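Chains as they are written, first to last, in my numbering: chain E, 1 to 266; chain B, 1 to 429; chain C, 1 to 332.
Quick caveat, the hints were computed from the structure, so don't treat them as lab data. Model, not experiment: these values are computed from the prediction. All C-beta atoms, glycine included, are put in the ideal place defined by N, C-alpha and C. Only true hints are included.
Some but not every residue of chain C turned toward chain E, in silico, with C-beta under 8 angstroms:
(1) 120
(2) 141
(3) 197
(4) 198
(5) 200
(6) 257
(7) 270
(8) 308
(9) 310
(10) 311
(11) 319
(12) 323
(13) 326
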Amino acid sequence: MDIIVCVKKIPDPEIPPAKFKLDMESKRVIPPEGIPPVINPYDEQAVELALRLKDKYGGKITVLTIDNDADTSIVKHALAMGADEGIVLADKAFEGSDSFSTSHILSQAIQKVGNFDLVLCGRQAADWDEGLVGAIIAENLSLPLVTLAEAVDVVDGKLKVKRVTLDGYQIFAVPTPAVATVSNEVGQPRLPSGWGIISASRKQIPIWKAGDLDADPSQIGAKAVRRRLVKLFIPVREKKCEIIEGETTAEASVKLAERLRKAGVI
Amino acid sequence: MKQRFDAIVVGAGPAGCTCGYSLAKAGLETLIVERGKFAGAKNMWGGAFYGPTLFQLFPRFWEEAPIERYIHRHRFSLLTQDSSLSAEFTTKKFGEPPYNGFSVLRAKFDHWFASKAEQAGAIIATGLQAEDLLWDRNTVAGIKAGGDELPASVVIACDGVNSDLTDKAGLRGKLLPRDIKQGVKEVIQIPRHLLEQRFNLSGEEGIAWEFIGSFTRGIPGGAFIYTNKESLSVGIVAQLSALCEKKIGANDLLENFKQHPSVAALLAGGNLVEYSAHLIPTSGKAMIPTLYSDGFLVAGDAASFVLATGLTLEGANFAIASGTAAAEAVIRAKQKRDFSRKSLSCYPELLKQSFVLKDLKTFKKASLFLENSRIYSQYPELACDLANKIFTNDGKPKKKIWKLLKNSMKDRVAFSEILRDLIQIKRAL
Amino acid sequence: MSDKKEVLICGEVKGEKITTITKELMTTGRKLCIDLNQPLSLLLIGQNIQEAANEAILLGADKVYTAEGASWVESFPEHYVSIIADICNQTGPSIILFSQTDMGRDIAPRLAARLGAGVCLDCIELAIDPDTKSLLQTKPVYGGNAMAVWASTNNKPQVITMRPRTAAQAEPDTSRKGEIVPVALDVNNSMIKGKLLETLQEDVKGIRLEEAKVIITGGGGIGGKEGFQLIKELAQILGGAVGISRVPCDEGWMPAGHEIGQTGHMVSPDLYIAVGISGAPQHLAGCSGSKCIIAINKDPEAHIFKEADFGIVGYYREVLPVLIEKCRNLLA
Ligand SMILES: Cc1cc2nc3c(=O)[nH]c(=O)nc-3n(C[C@H](O)[C@H](O)[C@H](O)COP(=O)(O)OP(=O)(O)OC[C@H]3O[C@@H](n4cnc5c(N)ncnc54)[C@H](O)[C@@H]3O)c2cc1C
Ligand SMILES: Cc1cc2nc3c(=O)[nH]c(=O)nc-3n(C[C@H](O)[C@H](O)[C@H](O)COP(=O)(O)OP(=O)(O)OC[C@H]3O[C@@H](n4cnc5c(N)ncnc54)[C@H](O)[C@@H]3O)c2cc1C
Ligand SMILES: Nc1ncnc2c1ncn2[C@@H]1O[C@H](COP(=O)(O)O)[C@@H](O)[C@H]1O
Numbered sequence: 001m002d003i004i005v006c007v008k009k010i011p012d013p014e015i016p017p018a019k020f021k022l023d024m025e026s027k028r029v030i031p032p033e034g035i036p037p038v039i040n041p042y043d044e045q046a047v048e049l050a051l052r053l054k055d056k057y058g059g060k061i062t063v064l065t066i067d068n069d070a071d072t073s074i075v076k077h078a079l080a081m082g083a084d085e086g087i088v089l090a091d092k093a094f095e096g097s098d099s100f101s102t103s104h105i106l107s108q109a110i111q112k113v114g115n116f117d118l119v120l121c122g123r124q125a126a127d128w129d130e131g132l133v134g135a136i137i138a139e140n141l142s143l144p145l146v147t148l149a150e151a152v153d154v155v156d157g158k159l160k161v162k163r164v165t166l167d168g169y170q171i172f173a174v175p176t177p178a179v180a181t182v183s184n185e186v187g188q189p190r191l192p193s194g195w196g197i198i199s200a201s202r203k204q205i206p207i208w209k210a211g212d213l214d215a216d217p218s219q220i221g222a223k224a225v226r227r228r229l230v231k232l233f234i235p236v237r238e239k240k241c242e243i244i245e246g247e248t249t250a251e252a253s254v255k256l257a258e259r260l261r262k263a264g265v266i
Numbered sequence: 001m002k003q004r005f006d007a008i009v010v011g012a013g014p015a016g017c018t019c020g021y022s023l024a025k026a027g028l029e030t031l032i033v034e035r036g037k038f039a040g041a042k043n044m045w046g047g048a049f050y051g052p053t054l055f056q057l058f059p060r061f062w063e064e065a066p067i068e069r070y071i072h073r074h075r076f077s078l079l080t081q082d083s084s085l086s087a088e089f090t091t092k093k094f095g096e097p098p099y100n101g102f103s104v105l106r107a108k109f110d111h112w113f114a115s116k117a118e119q120a121g122a123i124i125a126t127g128l129q130a131e132d133l134l135w136d137r138n139t140v141a142g143i144k145a146g147g148d149e150l151p152a153s154v155v156i157a158c159d160g161v162n163s164d165l166t167d168k169a170g171l172r173g174k175l176l177p178r179d180i181k182q183g184v185k186e187v188i189q190i191p192r193h194l195l196e197q198r199f200n201l202s203g204e205e206g207i208a209w210e211f212i213g214s215f216t217r218g219i220p221g222g223a224f225i226y227t228n229k230e231s232l233s234v235g236i237v238a239q240l241s242a243l244c245e246k247k248i249g250a251n252d253l254l255e256n257f258k259q260h261p262s263v264a265a266l267l268a269g270g271n272l273v274e275y276s277a278h279l280i281p282t283s284g285k286a287m288i289p290t291l292y293s294d295g296f297l298v299a300g301d302a303a304s305f306v307l308a309t310g311l312t313l314e315g316a317n318f319a320i321a322s323g324t325a326a327a328e329a330v331i332r333a334k335q336k337r338d339f340s341r342k343s344l345s346c347y348p349e350l351l352k353q354s355f356v357l358k359d360l361k362t363f364k365k366a367s368l369f370l371e372n373s374r375i376y377s378q379y380p381e382l383a384c385d386l387a388n389k390i391f392t393n394d395g396k397p398k399k400k401i402w403k404l405l406k407n408s409m410k411d412r413v414a415f416s417e418i419l420r421d422l423i424q425i426k427r428a429l
Numbered sequence: 001m002s003d004k005k006e007v008l009i010c011g012e013v014k015g016e017k018i019t020t021i022t023k024e025l026m027t028t029g030r031k032l033c034i035d036l037n038q039p040l041s042l043l044l045i046g047q048n049i050q051e052a053a054n055e056a057i058l059l060g061a062d063k064v065y066t067a068e069g070a071s072w073v074e075s076f077p078e079h080y081v082s083i084i085a086d087i088c089n090q091t092g093p094s095i096i097l098f099s100q101t102d103m104g105r106d107i108a109p110r111l112a113a114r115l116g117a118g119v120c121l122d123c124i125e126l127a128i129d130p131d132t133k134s135l136l137q138t139k140p141v142y143g144g145n146a147m148a149v150w151a152s153t154n155n156k157p158q159v160i161t162m163r164p165r166t167a168a169q170a171e172p173d174t175s176r177k178g179e180i181v182p183v184a185l186d187v188n189n190s191m192i193k194g195k196l197l198e199t200l201q202e203d204v205k206g207i208r209l210e211e212a213k214v215i216i217t218g219g220g221g222i223g224g225k226e227g228f229q230l231i232k233e234l235a236q237i238l239g240g241a242v243g244i245s246r247v248p249c250d251e252g253w254m255p256a257g258h259e260i261g262q263t264g265h266m267v268s269p270d271l272y273i274a275v276g277i278s279g280a281p282q283h284l285a286g287c288s289g290s291k292c293i294i295a296i297n298k299d300p301e302a303h304i305f306k307e308a309d310f311g312i313v314g315y316y317r318e319v320l321p322v323l324i325e326k327c328r329n330l331l332a
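Next comes chain E alone, as it looks inside the complex (with noise of 0.2 angstroms):
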């Protein structure tokens, strides 16, 4: 089975809450010092479900990244991990991309490599948190979506694959080629190897620029935007804890007990 993966660099999304820091005038998040960005963690969940289904059916793994900096590296990690193949696309005409743009970019390279059963993407990315991407594609190449998949695997030609919601699942029995998004109910990606680490490190990883693809230039870009960001903030909490001090732990403890039965919470 060939697999097609979208993954994203973004700041780690991990940082404590106090690194976190934006720039209001310029509506842009500062990347927190020291702290390199990742690939986004649905995104190599996503590569982990397709190795998963490569090492049962076997196939090609081929990920995807648009990358205005051509920065290869998250490429590299899905590599390491065991993905085959890696395209990063760069070009000066996709920046200001929204997620419009951004799928017909990724469609437009879908396209272009042709030859695949599925597309994996994120269910969402962990910067922008839009959650669209994956649903734009399959619409713009009219193909069968399924969001939010745990797992996926094949049945009689078909793929079949779980779909988490929030009291359960759902199974969806789809044809191939089809899109999925995952989600973290994925689990724990794997490690790459030390080989895998060294294979991918000497991959030579084409950069596909905008003239590479078939894309619509009145579809990409900063013009192509169907929204305006007006403003960017770091909401303020208003609140102020009041820490229940004691002697010892279990005093404060009671009184604790009794504050929430006088403020009449229990």
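Given the structure of chain E, go ahead and fit chains B and C with the ligands onto it with the hints provided.
Chains B and C with the ligands only, in chain E's frame:
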């Protein structure tokens, strides 16, 4: 794709990058493994980089490497609670290529350095930690990393202070707190024009400024400020065992330092953008492990090639020089197809020819001297007190300076101690 | 296409009733309609929805489109996209509102792409810019570390999903009048390639998290399966539900269905007791709407204390048994 490498270099700091670069350039199949996400990700130094070592590798490197500023002036200050006494040195030559020293930020610098090694043909595997050595009887035959065995004819440990591999190769035991200093450093962002105005710099000029004094609370150590393009590297280095004994954190000392009135004025309005802590091997030949064995070499901080004279802290240039020497030894061994201990024994000889072992020998006693706690409390106070008395004009008749000195020394330090310390300084420096 | 634009809510029904989350949407939708001077419409798809349609009018819908047909839990989501796109093409809404539910987050982006509309998921506030009349969409980003406000830029419709519990439920008003418009479902089913094989609604033992008045949540600090006994005991005494953070979920100490946060349940109980939880923004995203948050954490520097109303600095094994005992006495 599995294969055997000629050489595996562990660590992509200055030692490893130099070594890997030279090996690859000579045509050896070279792998550099670095546990950080990229070269420089986990590294730090004060940020002053001295000497012509890099110049020998890359003539006019300052035109392509991410250099912040060239060090145009050196300043040294003694601090007490609220006073300071400074000396400064500069010479025209410091401002001309090939320059004497540079300030650099390591995340960028190491990244550049590693890319040079990669261009030369080395494979750089980042995010990969060498977990153990691979043995063929008594000969090192590669490393274990990422669950895999990676075989090689020779392994060069450039894995920094606390080198695990040197320990595993049986060349040295675990380091103890007294063998190590703790360094903590902050990068503080300051608008360029303000920084240049405050430190009286123009263009690409920079200053390297070292401090000792009461802020270390008698713990052997000192502080530094180096100017970058738009930021300052501000840090402190203190002996680990003394920190442990007194239960003081190095970051507390850094806070002390930053609050000193004359330091605070330099940092005012700055924005903390990075904090890091790192260990430094205590210099002195006594600390140097056995430098090689069958199929194995040690270079850089892993070999404790660091020089701390009290006025400067140098390690990067030693790392580069020792990385070069290690590469040379391996290249010769490759020609002979013999990576045995005997074949590699030219390594210390090569080091002796460079400044590495010479300098370390010259300053052999420095580390002992630097443990003398009087340097960090009594002497700065003495000097400042004396200066205070000389410069304060209180309208009273002036006394002879000698008399003032005697007065200042009272309750601080005895003549005999000073004499002893002077003799020690002469031996050490 | 009708000449007057409208705000369209895609509603959800459960057991022939309009869900509480849809009632919240009606409040949000009504507000927008006033500012835009447009009518409010509600679309219901499913079986036996007449009752719900009547209810919707009392809740404030000027018009209710009813599409009798397969229900969400039984069909492939794309089916819904086709139905809704069809209706939108006939009615030309200015804003299409969904809840950020399993259904909403799945259908909204694809619908937007099909309509050539703008889209924004997981909004917590909507407003109309008085000058430009564009729709201002506030949405948490960066795991809840920041808020972004977006403005629509064109005259295309805007598809929105709203985070649950960001508005009060609309109240019925028996004097309201409205129109029920049945719509035909002539979707070409052959275009829809996927099929739903199976649905499992896990049996929620005890109280559903979304409906609980009290929630006790254990995090990474609980350290293992057995520690959750204390959490469960406290929950039982206080009549509450048990929640978890990502760590116990990943470690398998508790079933994933209890997870609270950005990727789990979004809850806003009266009382939220966070035990051994550091207070990562992705977790707080799911509980910051709680009326009263209590943090029990051994680390006085833990970020959770910045979000809590009351806190105890201490080991949970020392706190919980005493708290359980005392609460038992107080409530006896
Ligand atoms: C606060 C401070 C200030 C300093 N100031 C100066 C100064 O101003 N000037 C100066 O010249 N020197 C200074 N030094 C010293 C200088 O930083 C070091 O001497 C120099 O970095 C040594 O280079 P190295 O390559 O040997 O080791 P390092 O730079 O420590 O590099 C070792 C590398 O190995 C990697 N590594 C370690 N173990 C493994 C493993 N098992 N597998 C894979 N990778 C591994 C590490 O991640 C690291 O990248 C300072 C040091 C400190 C702490
Ligand atoms: C994209 C993304 C999405 C995410 N979505 C979610 C989500 O939906 N929900 C979620 O919960 N997380 C989510 N996370 C994970 C989140 O970032 C945190 O890693 C997670 O919430 C941490 O869980 P924790 O606070 O329980 O555990 P830890 O971070 O391990 O913290 C444990 C806390 O317990 C305290 N503690 C330890 N021992 C004791 C003791 N004996 N007594 C008292 N206190 C003790 C510690 O001081 C510490 O503060 C997400 C992360 C990412 C990157
Ligand atoms: N720049 C990008 N490059 C590659 N894939 C992307 C990019 N942006 C988004 N994606 C994919 O789309 C998913 C959802 O992203 P989003 O809609 O932005 O939340 C991500 O998890 C990725 O799989």
